[in-house]
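Peer 1: So the chains spell out like this:
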Amino acid sequence: MIEIEPLLHKVQKAARYTGGELNSVMKEAAQVTTRFAFCFPDVYEIGMSHLGMKILYHLLNEREDTWVERVFAPWEDMETEMRQADVPLFALESRDPISAFDFIGFTLQYEMSYSNILNMLELADIPLRSAERKEGMPFVCAGGPCAFNPEPLADFIDFFLLGEGEEIWPEVLDIFAQWKASKAPRQAFLEQIAGVQGIYIPAFYDVQWDEQGNFAGLTPNRSDVPDLVQKRIIRDLDRVYFPDKLVVPYMEIVHDRVMLEVFRGCIRGCRFCQAGMIYRPVREKDSATLCNYAEKLIAATGYDEISLASLSTSDYTQLPTLMEGLLSFSEKERVSLSLPSLRIDNFSLDLMEKVQKVRKSGLTFAPEAGTQRLRDVINKGITEEDLMRGARLAFEGGWSHIKLYFMIGLPTETEEDILGIADLAQKVVDTFYTVDKSKRAKFVNVTVSVSSFVPKAFTPFQWEAQDTIKRLKEKQKLLKEAIHSRHITYNYHESYVSHLEGVFARGDRKLCRVLEEAHKLGCKYDGWDEFFVYGRWMEAFEKAGVDPMWYTARKRSFEEALPWAHIDCGVVAAFLRRECERAYAEKVTPNCREVCSGCGAQRLDCIEWRKKQ
Amino acid sequence: MKYIYTFSKNQRVQYVSHLDTLRVFERAMRRAKLPASYSQGFHPHPLITFAQPLGVGISSKSELVEIVFERPLCAEEQKRFSSSMPGGFGLLKYCENEKKSPFAALEWAVYEICIATPISKKLLDDFMKQEEILMLKRSKKGEKQVNIRPMIQSLELVPWENATVLKAVLKAGQPSLKPELLLQALEQNMAGGELALQSICRTALLDGKGHPVV
Ligand code: SF4
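So the sequence lines, in the order shown, correspond to chains A and B.
If you use the numbering used here, the first sequence corresponds to residues 1 to 613, in order.
If you use the numbering used here, the second sequence corresponds to residues 1001 to 1214, in order.
Think of the hints as simulated: they come from the structure by calculation, not from any bench.
A couple of the hints might just be wrong.
Heads up, simulated EDC-like pairs for lysine to aspartate or glutamate below, C-alpha to C-alpha not over 20 Å straight-line [to be verified]: (1) Lys332(A) - Glu1026(B); (2) Lys611(A) - Asp238(A); (3) Lys27(A) - Glu252(A); (4) Lys10(A) - Glu1180(B); (5) Lys473(A) - Glu415(A); (6) Lys1167(B) - Glu1107(B); (7) Lys10(A) - Glu1187(B); (8) Lys1033(B) - Glu305(A); (9) Lys10(A) - Glu1194(B); (10) Lys1061(B) - Glu5(A); (11) Lys520(A) - Glu79(A); (12) Lys1167(B) - Glu1180(B); (13) Lys13(A) - Glu1194(B); (14) Lys54(A) - Asp244(A); (15) Lys1079(B) - Glu1096(B); (16) Lys183(A) - Glu167(A); (17) Lys180(A) - Glu135(A); (18) Lys1033(B) - Asp244(A); (19) Lys332(A) - Glu1070(B); (20) Lys27(A) - Asp86(A); (21) Lys296(A) - Glu1107(B); (22) Lys245(A) - Glu1026(B); (23) Lys1033(B) - Asp304(A); (24) Lys1033(B) - Glu331(A); (25) Lys1171(B) - Glu1143(B); (26) Lys1033(B) - Glu45(A); (27) Lys54(A) - Glu252(A); (28) Lys520(A) - Asp86(A); (29) Lys403(A) - Glu385(A); (30) Lys1093(B) - Glu1066(B); (31) Lys134(A) - Glu191(A); (32) Lys1122(B) - Glu1194(B); (33) Lys13(A) - Asp1020(B); (34) Lys1033(B) - Glu333(A).
So that you can see chain B by itself, here it is in the shape it has in the complex:
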C-alpha cells in the first residue's frame, strides 16, 4: 500500500540534509513498528521517495514523500507514525495513492525568502524584464552557464514586519533552480550590493498548471 505524506521541517532541523532526512523517516517507521516494504537486492531498504530534495538550510511547510507499506495502515498506526517523528518534523496529512506517483507532475516550487536588506519593486521588475540571466550552475558534472530566466515564474514582494519577504516561484523537478542561485543573480544586478539572508522556507510544490501536486 502506497501513501503520500505532506510534512514540514522547521528551522531547527533545516540543516538536516536530504540523505539524513531519509534516515529520519526510516528510523521513525521502525520506532513506530510499521510494516515497511523493502526493496529487493543485496541491501534492501525501505521504499521511500521524496518529491523533491530540499536544500540544506531551507525549512518547509509542504514537503512530499511517498512510502510503500506491506499492507494498509490503520488510523492508530498513522497516529503512531506521526508521533514517532522527531522534533522539528511534522506529518501534516496523508493520502492513499493507488495510481502512479504524482511527483512526475511537479513543475514549480514556491519559496518565501526572508532578507534583511530592502529591495525595491523596480529592481525586481527590471530583473524579470531581462530575457536572459546567465548564471554558473554547479552540478556533479562540473560548472555550466545556464540561462535561469525561464526557471523563474514569478517574484513578488510580500510586506512583513521589518524584513523583506520575497515570494519566488522557481522551477522544480528536472532541472530545478535553487533559491540561493536566484539570490546570487539578484545580487549581481544590485551593483555590488549584498543580500543579508535570514531564512528560506519552501511553502508549496506545484504542477504545471499551478495546482498543488498533492
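The following block holds chain A by itself, in its conformation from the complex:
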C-alpha cells in the first residue's frame, strides 16, 4: 500500500483517488492467485460512468481466485504530485502499485484516449513496448470497441480481447491460474491463450510492407494461431451475469445512476456507425428480468434515478412493458426514470410526459444529414415527414427546445446537402408557428449540432476519404452563413480532433511510433479541449516519419489490404462492400427485423436471423 494522503491534500477533487466507495470490492491480496488492474484511460468521473467496466468488475470479482481493482488516469494536478513524490500508478482498492499485478487491462472506448494509455503505463513504471516486458511483469491487454482495429496499439499490448469480455475473461483467467501454478515462462501463457476465441496476440503476427513502406498485409508468424481472429459474443443475453450491486461513487460522476442495459447490437445499420456493426447481432433482455434488476440495484445503491442503456433504445421490442414495470416501481420508491433519446412518436412523447413531469426542456433528433438523398446514402431511415411530424407533436405537447444532430463530410456530400441542414432547421422553426398558440410554448429554439464525419473500420464507409480540415471549415462556414433565424443556435465541433481520430480509426502498426513520439512530447487527455494540442501531434507524425494524410485523405480501393482484415467482427467485408455500393446507388437497406441482409453475424447465432428462418 502506497501512502498517498500527503498528495491528496494538494489536489482538486481528491475523492477521485481515495477508493473505498460503497460496493467496491476488498480482498486479501495474499489470498488470490490473480490480481487484475482494470484501467480506464480517462478521469474517474468518466470511467466510473462506463457500464461495461461495472459489469466486468463485479463479474470477475465473483471469482475467489481473482481480485479486480480499478485504475483511472490521474488528472494533471495529481500526476504532477505523483511524479514529484515518486508515487507510481496505484489501484484504488488496495493502493498497491499496479506494476506488481498480473494483468493491466485497458478498455478502449475512443481513439483519443490512446496517449493516456502510454502515460499510465509510464506512471506505473511498466515498459511501454510488449517486447521489453520481462518475466514477472504484468500482461498488458485491451478490449472494447476500438480493439477491433488494434494495430495502432499493437506494439504496446500483449493481447487484445475482441467481443464481449464476460465471455472471454473466465476462460483466460482459468488458463492463467494453471499457467501461474506451472511456473512456465511468460511466452507460454501467450501461446496457451492464442487458441482462445476472441484473443489476438499482435506479436504472433507480422506486417508486410510494400516498397513505399505502406501496409500490404498481415499474417501469422506461427502455425498455431488463426489467420482470422473471430470475436466472441454472449448468445443468451437474458441469462448472462448482470451485477446486482454497483459501486456508488462518493463524488458526482457523469452518469450517476443505475443503468439498465436493455439490449446489445442495433438493427438499424446506419452506414457511418461502427457500433451498429461491431455489436451485431442484436440480442435483447427480457423486460421482467430488467425490472427485477432495477429493483435490486436501487436497493443496493440507493440511487434515485434509472436510465436505459443501448443503441437506438426505441427498437427494444418490449419497451412498453418495460416502462410500465419501471414506472409503477419508480413512483413508489421516488426514483426517477431518465429516458435516452427515443424516436419521437406518440408513444415516446406520452412516456416523456409521464417521466419528466415538469421539465419540458429539450428533445433531440438525429437526422444526421440535410437532404433525403444523403440520408438514403447513409441509410438513416428518417424522412423529413417523420421529423416534422415529431416536431409538431412535441410543440403541441408544449416542448420548446429541439436539438438536431448532423454530420458534415459524409460521402457524396454536396453543397446542397449542407444547405439542406439549414433548411431543415428552418422548417422545424416554421412548424412551431403552425401550431395553435394555445398549445405551443411561448418561444422556440432549435439547436443545430454539427460534428465531422470520421470513417471507421468495419463500416460500409471504411474505404472512404475523410474531408480535410480546410474543407470541413469551408463547409462549416457555408452552413453558418445559411442560417438566418434567431431561433436557431448553431454548434459545431472543431475538426482538428476529428482528423486525428480519423488517422487512428483506420491506422496500422506504424502509428505505434507516432504514439510513442506524441507521448514523449507530452500528449495526453486528447479528448479534452484544454489538453489537446494539434501542433504537438503533427510534430510527432513528423518525428516518426509518418504522413497522417495517407490514412485520412485517400479513398481506398475495395482491393486494398486493410490493417483490420484479420479481425472478424461478425459482419463480413462482402456485406460492407455491398452496403457501400448501395450507398452510392442511394438505396436504403431495410433493418434486421424487416429483412435479414445476411451481414455475416448469423454465423454467431443471430436471433433475428433465426426467427426469419
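Position chain B with the ligand against the provided structure of chain A, taking the given hints into account.
Peer 2: Here is chain B with the ligand on its own, set in the frame of chain A:
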C-alpha cells in the same frame, strides 16, 4: 418526525464534499428503506439539514444533521440506517427533536489541526495578543478584508507524539472561520515560515456558552 444525528467522517472520506455528503445520506436512507419526508415543489428532495458544512479535506468526530421522516423510526430502522452508511461515515448517536432546530445556537467549532512543523507557545501568545488580524476572505461575492481575530476564541498546543496538534476554537455559524485561513494567518506571522499541514479534524460544535449544540 425529526431526528438529529451525530456522525463522524474519517480521513478516507474527508474529501467528500458537502453536497456529496448530502447525497451519501439520501442514498443510505433509500437503501435502508426509510420513510423520508420530502419537500414540496417541482423537485422534491428529502429534508436533510446539516448544522455546518464541513470543508473538503477535514475529517470530523461530531457532525450534526437533522432529518425529517414521515413517522417515528423504530430501533430496528435506526440500526438499519446506521449499517447502510458507507465506509468512512459513522452514525454515532441520535435523538428526537420536537422543538425548533438547535442548530441556530451554533457559535463555535473545535478543530484539532495536526502540523509537522513545531510551533512555539510564544508565537501563539503573540498571535492572540493582536487586536486585529486582517485577512482576505473569499466568498461568492468576491474578496474582502476581514478582521479574523474576534473569530478565534482560543488556540492551544496539545502535545502529541512527534507532531504539533493545535486545538483551535473558531467561529462557526454565520459568519464562520475556516481553519485553513487561520493557518494562513499564522504563517504570515511566522516570517516566511510554512506550516506542513498533516490533517484537520473537527471535534465539536458548540453554542455561545461553550456547550455542545446537541
Ligand atoms: S444477420 Fe441479418 S438480422 Fe442478424 S445482424 Fe446481420 S443483417 Fe441483422
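Peer 1: Next step is simple, just say for each hint if it's right about the structure.
Peer 2: Quick rundown of the hints versus the structure:
The hinted pair formed by Lys332(A) and Glu1026(B) meets the criterion: a straight-line CA distance of about 16 Å does not exceed 20 Å. Of the pairs offered as hints, the one joining Lys611(A) and Asp238(A) holds, with about 17 Å between alpha carbons and a cut-off of 20 Å not exceeded. Straight-line distance between C-alpha atoms of Lys27(A) and Glu252(A) comes to about 26 Å, which puts the hinted pair past the 20 Å bound. Straight-line distance between C-alpha atoms of Lys10(A) and Glu1180(B) comes to about 13 Å, which keeps the hinted pair within the 20 Å bound.
Annotation: proposed proximity of Lys473(A) to Glu415(A) holds, straight-line Cα distance about 13 Å (limit 20 Å). Straight-line distance between C-alpha atoms of Lys1167(B) and Glu1107(B) comes to about 16 Å, which keeps the hinted pair within the 20 Å bound. Distance restraint check for Lys10(A) and Glu1187(B): the Cα-Cα separation of roughly 17 Å lies within the 20 Å cut-off, and the hinted pair is therefore satisfied. As the CA atoms of Lys1033(B) and Glu305(A) are separated by approximately 15 Å, the hinted pair is consistent with the 20 Å bound.
The straight-line distance between the Cα atoms of Lys10(A) and Glu1194(B) is roughly 14 Å, inside the 20 Å bound, and the hint therefore holds. For the suggested pair Lys1061(B) and Glu5(A), the alpha carbons sit about 19 Å apart, so the restraint of at most 20 Å is met. Between Lys520(A) and Glu79(A), the direct Cα distance comes to roughly 15 Å. Compliance with the 20 Å bound is thereby established for this hinted pair. Restraint check for Lys1167(B) and Glu1180(B): satisfied, since their Cα atoms lie roughly 13 Å apart, inside the 20 Å limit.
Between Lys13(A) and Glu1194(B) the CA atoms are separated by roughly 23 Å; this puts the pair beyond 20 Å, and the hint is violated. Restraint check for Lys54(A) and Asp244(A): satisfied, since their Cα atoms lie roughly 11 Å apart, inside the 20 Å limit. For the suggested pair Lys1079(B) and Glu1096(B), the alpha carbons sit about 15 Å apart, so the restraint of at most 20 Å is met. Restraint check for Lys183(A) and Glu167(A): the C-alpha separation of about 26 Å exceeds 20 Å, so the hint is violated.
Proximity of Lys180(A) to Glu135(A) is assessed by CA-CA distance (about 12 Å); at most 20 Å being required, the pair is judged to hold. Between Lys1033(B) and Asp244(A) the CA atoms are separated by roughly 17 Å; this keeps the pair inside 20 Å, and the hint holds. Taking the CA atoms of Lys332(A) and Glu1070(B), the gap is about 15 Å. The hint holds against a cut of 20 Å. Distance check on the hinted pair: Lys27(A) and Asp86(A) sit about 26 Å apart at the alpha-carbon level, beyond 20 Å; violated.
With a CA separation close to 44 Å, the supplied pair Lys296(A) and Glu1107(B) exceeds the 20 Å bound. Between Lys245(A) and Glu1026(B) the CA atoms are separated by roughly 17 Å; this keeps the pair inside 20 Å, and the hint holds. Restraint check for Lys1033(B) and Asp304(A): the C-alpha separation of about 12 Å stays at or below 20 Å, so the hint holds. At most 20 Å may separate the alpha-carbon atoms for a hinted pair to count; Lys1033(B) and Glu331(A) meet this at roughly 14 Å.
Proximity of Lys1171(B) to Glu1143(B) is assessed by CA-CA distance (about 19 Å); at most 20 Å being required, the pair is judged to hold. With a C-alpha separation of about 27 Å, the suggested pairing of Lys1033(B) with Glu45(A) is violated against the 20 Å cut-off. Of the pairs offered as hints, the one joining Lys54(A) and Glu252(A) holds, with about 16 Å between alpha carbons and a cut-off of 20 Å not exceeded. This hinted pair checks out: Lys520(A) and Asp86(A) have alpha carbons roughly 19 Å apart, not beyond 20 Å.
For a cut-off of 20 Å, the pair hint linking Lys403(A) to Glu385(A) stands: about 17 Å separates their Cα positions. Only pairs whose Cα atoms come within 20 Å are accepted, and Lys1093(B) paired with Glu1066(B) is accepted, the gap being roughly 12 Å. With a CA separation close to 16 Å, the supplied pair Lys134(A) and Glu191(A) stays within the 20 Å bound. Distance hint between Lys1122(B) and Glu1194(B) is fulfilled; the C-alpha atoms sit about 17 Å from each other, no more than 20 Å.
Distance check on the hinted pair: Lys13(A) and Asp1020(B) sit about 11 Å apart at the alpha-carbon level, within 20 Å; holds. As the CA atoms of Lys1033(B) and Glu333(A) are separated by approximately 9 Å, the hinted pair is consistent with the 20 Å bound.
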